[in-house]
Amino acid sequence: MSAWIVDRDHLDLLLTAAVQWDLITADQADDTGRMLWKENLTSVAYRYPRDRDGGSRPGPHGFRDRDVDTYRYRPYPGRIDPEVIEAAAASLRHQSCEHPDWQHSAAARWVNRLHRLATESIPAFLAEYGPVDPRRQGPGEDGWYTLTDLTGQQQVRSADGWNVPDRDVLRRAAALRAGATP
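What the sequence shown shows, in the UniProt record's numbering, is residues 1 to 182, in sequence order.
Please keep in mind that the hints were generated in silico from the structure rather than gathered at the bench.
Computed Cβ-Cβ distance ranges for the label pairs, DEER-style: (1) Ile122 with Asp53: 30 to 40 Å; (2) Ala106 with Asp22: 11 to 21 Å; (3) Asp30 with Gln153: 35 to 45 Å; (4) Asp166 with Ala106: 26 to 36 Å; (5) Ala159 with Asp69: 24 to 34 Å; (6) Arg52 with Pro100: 19 to 29 Å; (7) Arg113 with Asp27: 17 to 27 Å; (8) Arg171 with Ala127: 19 to 29 Å; (9) Ala175 with Pro123: 14 to 24 Å; (10) Gln153 with Ala124: 14 to 24 Å.
Since the model is a prediction, treat every value here as computed from it, not as a measurement. Beta carbons are placed, not taken as given, at the ideal position from N, Cα and C, and that holds for glycine.
With the hints as extra help, turn the sequences into a complete structure.
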């Protein structure tokens, strides 16, 4: 498997959902973000033992190991979309699971709980706001895609959550929902 260090926006997205869904308070967000980022760094350092601090590890441009201690929560604006959160939580779990202590860590429990809550929240969210239609994306945009499994069943998936390319991810998702306005 491959792994990379997620960026601050990725953590901000997950923590915004956690605060809005009452998993943590806003006062706990800084410490929780630092815990998640440290675990993510531990995983990437374990996966790539020859890589060193200061640019050779896969992750945000200019990232240094000490940056995990400087994380400060910045809430996302807008309506939290559980499909985006589900993908982003799965991504953080995937990026952080490379070292042997991951499965017993507080970070793993936290991410798994958020992922479970996002997954459970999707049906009600879809009933209220409708599904995403990936065909409504502009040319060259690929934040959402349709996955066809081996049985031919199609599911819409968020690619944005894997990378969280910028702080506009929730607005883009809202704009692609059938009948939704950004």
